[in-house]
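Since the structure of chain L is already known, use the hints to place chain Z with the ligands on it.
Next come the chains, spelled out residue by residue.
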Amino acid sequence: MSSVAAAWKRLPWWVEPMSVVFVLTAFGLYSATIVLLYPGDSEQFPQYLSPFYSPPIGRPDWLPGFVTAPLFVLWIPLGFRATCYYYRKAYYRAFFWDPPACSGKAQQLDRPWAESTESYRGERALFVLNNIHRYFLYASFVVVAFLWYDAVLTFFPEGGFGVKVGSLIWVFNVTLVSAYTFSCHSLRHLVGGRVDCFSCVRGGNVRRKAYNGISRLNAKHPQWAWVSLFSLLLTDVYFRLISAGVIPDLTIIG
Amino acid sequence: MSEGNGKNPGNVTSMAHSPVPNEDLGKSGGTAKLKIFRGDAEGGQEVEYEVPLVEGMVVLDAVLAIQAEQAGDLAVRWNCKAAHCGSCSAEINGRPKLLCKTRVEEYDGEEIHVHPMRAFPVIKDLVSDVSWNYEVSKAIKPFQSSEQAPFTMYEEDVERLYEPKKCIECFMCQDVCHVLRTHHKHPEFAGPRFFVRNQWLEMHPMDEADRLADLKEDNGIGFCNITKCCTEVCPVDIKITDNSIIPLKERVASEFYDPAKWLMRKIRGNGSSRNGN
Ligand code: SF4
Ligand code: SF4
Ligand code: FES
Ligand code: FES
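As you go down the protein sequences, you meet chains L and Z in turn.
3 is the number of the first residue of the first sequence in the numbering used here; add one for each residue after it.
81 is the number of the first residue of the second sequence in the numbering used here; add one for each residue after it.
There could be a bad hint or two in this list.
[To be verified] Counterexamples of contact, computed for chain L against chain Z with all Cβ distances above 12 Å: (1) V23; (2) S33; (3) I134; (4) Y140; (5) F163; (6) V165; (7) R242; (8) A246; (9) V248.
[As the list claims (entries may be wrong)] Rough simulated footprint, nothing fancy, chain Z against chain L, three-plus residues with beta-carbon under 8 Å: (10) 48-60; (11) 86-92; (12) 120-130; (13) 186-195.
[Said to hold, decoys possible] Below, a list of computed lysine to aspartate or glutamate pairs in the EDC-like style, where the Cα atoms sit at most 16 Å apart: (14) L:K11 <-> Z:E190; (15) Z:K113 <-> Z:E191; (16) Z:K115 <-> Z:E128; (17) Z:K218 <-> Z:D294; (18) L:K11 <-> Z:D188; (19) Z:K115 <-> Z:E130; (20) L:K91 <-> L:E18; (21) L:K211 <-> Z:E236; (22) Z:K221 <-> Z:D298; (23) L:K211 <-> Z:E239; (24) Z:K218 <-> Z:E190; (25) Z:K319 <-> Z:D298; (26) Z:K218 <-> Z:E268; (27) Z:K113 <-> Z:E186; (28) L:K91 <-> Z:E239; (29) Z:K218 <-> Z:E122; (30) Z:K113 <-> Z:E185; (31) Z:K204 <-> Z:E268; (32) L:K211 <-> Z:D237; (33) Z:K221 <-> Z:D290; (34) L:K107 <-> Z:E191; (35) Z:K296 <-> L:E125; (36) Z:K319 <-> Z:E239; (37) Z:K246 <-> Z:D317; (38) Z:K296 <-> Z:E268; (39) Z:K113 <-> Z:E190; (40) L:K211 <-> Z:D317.
Quick caveat, the hints were computed from the structure, so don't treat them as lab data.
Quick reminder that beta carbons are idealized off the backbone N, C-alpha and C, glycines included.
In isolation and in its complexed conformation, chain Z is listed as follows:
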């Protein structure tokens, strides 16, 4: 950004909703070559395109330039172009990325292959069908409280809830997770994004529902082998594995896999021993 005289305050995002016109961002010469997947659920192949390289351009700029000038039928999903809406997730060189947050320059000297997310069915070109995720979301026990909102809550009790709330539902963590991507456990495994959601619900001081049995059975948290690919790709830096999945695994372990607690419960003959005292 190069303001400084204060004459032109704000307005830095005025171009956010259209492809960046070349003349607006000093041309830096040269071209960017992109190999983009063209096809649908039946199959397809990569097609190579070349666009003028503009300084600071993101991959979405290049894709939209191609769509505008060379391939009007190229399908790509996007909305905010500001890394907020989570629509433009796709794979660049085999790694999930937000197309609007990934600069072309990052791939200096490398070929750029752009594909749709592969853990979900492809609809067309760069667009895959992520609706399965919404089904999983619906099946999670919603927030439950016997008290009426608005609640009085203390900072110290909710500070852990900000991180999971940052999620923009880009589903890139779902895409990279080998349990879904390689092992196709879609019906049995909820996936990292929904452990993030579950952690928010479970650690919420006002929530009273118990989701531990669901986490173990329906959401299949045991399939996760904490190998952290989800954490590596999250665009909003949620430490998914360390701060959502492992804390939930620990709670599930306390409830179902702790031999001493199991014994105590047998002796006392009662149920859950949760809620932290």
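So here's chain L without its partners, still in its complex pose:
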């Protein structure tokens, strides 16, 4: 693993920001396509609901056709990730090239869209809105709860208990999404980051333990951000492949 990291470091500096641009753009296009054009459930596999469509809510008929039902929920994970401290780093580097990487050479690069180097405002102008992140976190708790509910339902196709490959994928996905959500910096702040003295507040010891736990998860927040993004994708792709009959949903127990 460390040799992979070492090799990655040896690559030219632009490889990292360009990969981020590629992955995020591809993910954006894929998710836009499926939520605008395709359903997230199938009659043949009623136990599965694509995570992009959870929780399922109705949409009023008078809305124009392009406003599909998942859009009423998707703004939550979208806003959560868009204001996440890690994704902020990723897009400031990859999409705004400010800075694209840390070396002197990379930083010297001209950014033709910036008026001048002195006009930089960082998170003091438009991006000050990213401070709203904690509210997306609160909303995400609801979404994650539904994802767990969905994952549990996959074990009960047509009423009886059974374990299929799909169930494992759903559990795997919601575990990673939870790790991402619970390693959030805003949660870390809420639980302990805002406390100066644990021994002076009620429940301080419990809070400190929770804070230390979240801090440990938080150290890997970037990794959780990526693997949970990929697992969402994988789960949706799996769902579409079994619904289309391309691959079978193999039974493990039941």
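Same frame as chain L, now just chain Z with the ligands:
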């Protein structure tokens, strides 16, 4: 290190204050080529030097060998040669590094370009003027407590304070930060090193001062876009962005950018809601 018979205990740092003489560290043949910036605030250019390559030698060894044998007027700042004092910060191939902690072998097959830190005015050759940082430091509200030291404090309340205390003030994080280096926000932005200091003060269980307004306004924490170059270069592995800057940004957000708290405060008509309960 190759002790083992216990006859020669300790003494491993006896050479710490002088350039390593070649004969002391088995020569491994070959030479190291260094292109070193020679000049001052007005300008300058790289000059190429060649020194015998010695196994395990750090870039500072090579620079001091050049200073001793080829260029007596080459300016370089150093003190401890043990990665403790933070004086020998410079840039190697465009990245800030401690010259005394960076081995020549790391650059096997690459050219080695040594420059002074570029986010600050150059005095001469590898020495830049970091005094601006001391001005920033002075402007930060000092530790304030109504109690008299020595304090009784519990481990669980101070365990977060060890990390920021490791700082050796090498200012490499300041040098690499694009807000200072590229965007020249020197007067408006305190820089990562001083968020580390502020975090230590703000999370200190005995400190009573409130620095959140200063962090937002005078120290310009909003200029930081958490892109983590500071964390990448810190020689003592302080997770500057994750453990100092973001926790402070969160506190500033609670104080100034949280709509619900703002509303509550309007209704209750009082001031700060801090200190964690
Ligand atoms: S994370 Fe912030 S302080 Fe650190 S280098 Fe980036 S912009 Fe500067
Ligand atoms: S925080 Fe790290 S990089 Fe910055 S001055 Fe301190 S030791 Fe140097
Ligand atoms: S910081 Fe990434 S989710 Fe909150
Ligand atoms: S000389 Fe002291 S840190 Fe390098």
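Here is what the structure says about each hint:
| no. | hint | verdict |
| --- | --- | --- |
| 1 | V23 | holds, 15 Å |
| 2 | S33 | holds, 25 Å |
| 3 | I134 | violated, 7 Å |
| 4 | Y140 | violated, 10 Å |
| 5 | F163 | holds, 42 Å |
| 6 | V165 | holds, 38 Å |
| 7 | R242 | holds, 35 Å |
| 8 | A246 | holds, 41 Å |
| 9 | V248 | holds, 41 Å |
| 10 | 48-60 | violated (count 0) |
| 11 | 86-92 | holds (count 3) |
| 12 | 120-130 | holds (count 8) |
| 13 | 186-195 | holds (count 5) |
| 14 | L:K11 <-> Z:E190 | holds, 15 Å |
| 15 | Z:K113 <-> Z:E191 | holds, 7 Å |
| 16 | Z:K115 <-> Z:E128 | holds, 4 Å |
| 17 | Z:K218 <-> Z:D294 | holds, 13 Å |
| 18 | L:K11 <-> Z:D188 | holds, 15 Å |
| 19 | Z:K115 <-> Z:E130 | holds, 9 Å |
| 20 | L:K91 <-> L:E18 | holds, 12 Å |
| 21 | L:K211 <-> Z:E236 | holds, 10 Å |
| 22 | Z:K221 <-> Z:D298 | holds, 11 Å |
| 23 | L:K211 <-> Z:E239 | holds, 12 Å |
| 24 | Z:K218 <-> Z:E190 | violated, 41 Å |
| 25 | Z:K319 <-> Z:D298 | violated, 23 Å |
| 26 | Z:K218 <-> Z:E268 | holds, 15 Å |
| 27 | Z:K113 <-> Z:E186 | holds, 13 Å |
| 28 | L:K91 <-> Z:E239 | violated, 27 Å |
| 29 | Z:K218 <-> Z:E122 | violated, 29 Å |
| 30 | Z:K113 <-> Z:E185 | holds, 11 Å |
| 31 | Z:K204 <-> Z:E268 | violated, 26 Å |
| 32 | L:K211 <-> Z:D237 | holds, 12 Å |
| 33 | Z:K221 <-> Z:D290 | holds, 8 Å |
| 34 | L:K107 <-> Z:E191 | holds, 15 Å |
| 35 | Z:K296 <-> L:E125 | holds, 11 Å |
| 36 | Z:K319 <-> Z:E239 | holds, 15 Å |
| 37 | Z:K246 <-> Z:D317 | holds, 9 Å |
| 38 | Z:K296 <-> Z:E268 | holds, 10 Å |
| 39 | Z:K113 <-> Z:E190 | holds, 10 Å |
| 40 | L:K211 <-> Z:D317 | violated, 23 Å |
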